[in-house]
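K.L.:
We have chain A; now place chains B and C onto it with these hints.
Residue numbers (my numbering), protein chains in the order written: chain A, 1 to 556; chain B, 1 to 266; chain C, 1 to 327.
Just so you know, these hints were derived from the structure itself, not from any lab.
All figures in this text were calculated on a predicted structure; none of them were measured in a lab.
Beta carbons: idealized from backbone N, C-alpha and C, even for Gly.
Don't take each hint at face value.
[Stated by the list, open to error] Sample of chain C residues at the chain A side, in silico, Cβ under 10 Å:
hint	residue
1	63
2	224
3	226
4	227
5	231
6	232
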Amino acid sequence: MAGVSLGPTASPSPALPPQEAANAAAHTTASPVVQVSGLTIRFGAMDAPAAVDGISLSINAGETLALVGESGSGKSVTARALVSLLGGGATVTADVLRVAGLDIPKLGRRQLEKLRGATVGTITQDALSSLDPLRLVGREVDDALRLHTSLSALQRRTRVLELLAEAGIPDPRVRAAQRSGELSGGLRQRALIAAALAANPKLLVADEPTTALDAQVRNGILDLIKRQADTGMAVLLISHDLGAVARVADRVAVMTDGRIVEEGPTARVLEAPAHEYTRRLLAASPAGKPRHQALLAGITAGTPTSGTASAVPRPPASTHPRPQSVSATGSPSTPPALQARGIAVSFTSRGEAPRTVLSGLDFNLPEGTTLGLVGPSGSGKTTLARIALGLQKPDAGELLLLGEKWSSLPETQRRPRRGLIGAIYQDPMASFDPRFTVAQLLTDSITHGASTRSSAVRPRVRELLDSVGLESTLAARRPRTLSGGQRQRVAIARALGAEPRVLVLDEPVSALDVTIQAQVLDLLDSLQRDLTLSYLFISHDSDVIEHMSDTVLRLD
Amino acid sequence: MRRITAVEAASGTVLLALAVAALAPNLIAPGDPLAINPLASFQPPSFAHLLGTDESGRDLLTRIVHGTAPSLLIGVAATVIGIGLGALLGVAGGLGPRWVDSGTTRLVEVLFAFPGLLLALLFIAVAGPGPLTSTVAVGLATAPGYARLIRSQVLSVRRSGYVESAVVLGRGWWRRLTRHIAPNVTSTLFVLVTLGVGQSIVWASSLSYLGLGVSPPAAEWGAMLNSGRTYIGSFWWMTFFPGLAIVLSAASTTLLGRSIQNRVRT
Amino acid sequence: MTLVAVQRSPARRGGSAARWLLARLAGLVGVLWAAATVTFIAVRLIPGDPAEAILGGPGSQASDEALAAAREQYGLDQPIVVQYFAQLARYAMLDFGQSYSLKDSVAAVIGEQLGGTLLLAVLSLALAGLLALGVAVFSTRSGRVAAAVGSGLEVVAVALPHFWLATSLVLLFSTTLGWFPPISTRGPEGLVLPVLTLAIPLAGFLGQVMRESLLDALSSPFVLSARLRGETASGVIWRHALRHAALPAIGLSGWAFGTLVSGAVVVETVFARPGLGRTLLSAVQLRDVPLVTGIVLVVALAYSVLTTATDVFDRIADPRLRQAAIA
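Bound conformation, chain A alone:
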């Protein structure tokens, strides 16, 4: 089978078993499925910085190349360029840009529409929004068959069910008749993969296919992708998740600022990185790093892109007496920061049977330690966080804060003690009043919402900014002009302004890039030690949880 032509007649018949397809692929000529050399992509004006700056890569049939990098590195842009789906404002130049032997820049609109789906199948991240919520899942999978094959409607129906089954979806007949909202995250991603593979493409591009999925589900998706490579498909895996890369990829290319800085076999790159950026990336990943080991210690503070620390964070002076640093078990005389006895919560929506979210929950958070909270979506992590913050009352049971009643207190008695516990969220912008500048946010926190012109406020604001490693010049700016990492630091500074003893952190680093994430985690760690803070830490990322937690509570 010549690996060059395009269109329904070229792909193996849908009923061809994988083994034969693999044989067919093995007999192709040795030319790579993807051949890129000197690819440069610019958006907007000719003097705008290049989003992709002269990169080269190649992928052979049956091979999996992982393109690793942080947001803004140009990986997704590269993937889109392979199917010429970048939009009108992009200028693409390349010495070589070939997919399955086809010269991409020379293809017309119709040929490109044929290429997408029939030759190149793409999976994007976040299957909830990548599948049309109004369409049946079966129809989404059927699209590529309808567009690229000449099968009859009945034949297509059968093939759709086969594809769903091959993608590991049980009860395909039932699922094909549902809409994406009725499937769980893992099943949705599998359906998306089935849709991308429907017309048997030669190249599979998987753009962050496992973001926000739990570990078990994630591994299932990765194995599914690996199986495709085993049948002779070329796979381009784009990911920032080094664990996923290690599991699936044959080779790795590390990309930053539009350039590929390192490339090679997976094992070699991950164990013996040659380039400094790769080393920083590996250091920043919390996987396997023990507790209290700073992730970025000894690595330079980073390129001046986003969320950089300009100064080493210094702990703020505090007016409250603090207990001395405590070991993980806590000294028996000090009460635990949080203590839960028999917490139960049920959720009733109108017209439905009540749903038990939490039941009979007991735990202790000793002072100065971190309790990691994990569990699949809907397991009650956020509910527990809200109970800890006094935003929700449990149906049964009680929560004590620093040894005293908390969840059972009426709000008027609770309010004066609210300064003891603070919150950090995944999206700090949602917790900032859109009218406030950074200085106003911090001032509001320090003065407990009163308007004072006290001269003691300004230096305290500067002190708080220092303690999270932000320059004082940022005080006059609005949070929406800051980067994600900077915003999260502002959120931490604001929480510290009230001088809390306990912090509830709900996915505090999930929206951040790996290196920025590492900076924030290191910051949280050093603050915990300097101020003897206690953390209730929620995350779906098990690597982050293992690195940051002294004990872990798993909800189901």
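P.N.:
Okay, now just chains B and C, sitting in the frame of chain A:
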């Protein structure tokens, strides 16, 4: 600040002209809008009378210019009534306890059951026609729409992350209201007013056209439309030009309101 | 790091569609009852003798016998609560009383005039929908014209009063071009201008709604996925995006019907077409209270039923409203 677009410049100019016409009509059109000249009645637009004359020979241009103040005033007054009522219901529903919210929502739903002008017509049937009642009628008819918008804005601010953060930080109800909820809600109210004035002007003039609002010989645009009603086929300028003034007023206030909204959003 | 506890909690879900529908219907009945109450109160607010008000307001110079008959028919001598429930009972049986100005039962008058208005409303709604669709699809193209069209839609919707639009259309098509008659005649050509007058502002509004949701859909991840599977440019619009754009517009059709009926008051007057709108106007002018309340209540009934129907349609068509997504 972004550059001023052509649309914004155009609507701003129109509004400026309207303001001058309202405050100092004699600058643009010296002359008596009520002066009758039976010999010159029903004249089409000409050099002497740029926009023509009406059935009593009165110059249309003068009447339109002098009619700017009362016409715009009615529109603004109706908007104020509508937003005032709407804000009362919307804020009560958004901020108050569940039973208050239920009550006001039910009331708004009932008012909504009478679409468009029908509520205004019902009110006029009870209170009789006239400029005052038609203004109140338009306010009543637009109030439910504002109530819904304001209520949803109040709710979305009240349930926002930053108000919840204020709770976590220990701020009391009053502090949250004055420092966070009120400022964030009032900023949208202003845009609502600018968008609403256009609609009120149109509705109020529609009522006058139907003979239920301001009546002739007052130099108000709606009243002029009313007198021109019977002559649509023959003496079109009597309806067309006052109507054009209404369209320009409504269009320019609406466009300005939209551009303010877009600027604030970014 | 130690694993401390594993907490299990079962989740159960029950069916709720029937309950929702029941709740909506109950709400509908509630609104209708409240509307009837509002009109009852409104009528009692008219100053002066209620019997006179019913017969045309103060100054109607109704005869004493007519006044006595009115008092008896409406039970005006009885306590207000009895009057109220009696009136509700009458409304429930669609008995709206007697129109004094037309010397016929209100129900009969409404029955005669309803057809004309319905015809206008249905045709205008259909035309407005088609226009809105066309304009929305056109305005998603790139280019200055398309963008100008897009932002002009809202102005068209708000700033074109029916009477002025009617005048201008008559001016253009009747006086100048002579294509269509200025006053409605029997044949279909008499429908063109009135329908256009009603449809254009509505098309502006619907078009804007559709355009925004169309643009939204076209830039969404699922459309990107469709394109990545090889969907053609037109396929993307017609097979994928349009469904999303049409939903809010269809959901608004109940409300749209209401504004059309409200606009019919002016349009029927301008074009001298028979219908509920013109009848309502003269009833208001003549202070014929039973006729006014009858028409207003019937319109409120139709409108409420329609908006409930579009709510039901919305819920059926958009699965996102029915379920919390299993994440």
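K.L.:
Take the hints in turn and mark each one as holding or not.
P.N.:
Here is how each hint holds up against the structure:
no.: 1; hint: 63; in the structure: violated (57 Å)
no.: 2; hint: 224; in the structure: holds (7 Å)
no.: 3; hint: 226; in the structure: holds (6 Å)
no.: 4; hint: 227; in the structure: holds (6 Å)
no.: 5; hint: 231; in the structure: holds (7 Å)
no.: 6; hint: 232; in the structure: holds (6 Å)
Of the hints listed earlier, the one the structure fails to meet is number 1.
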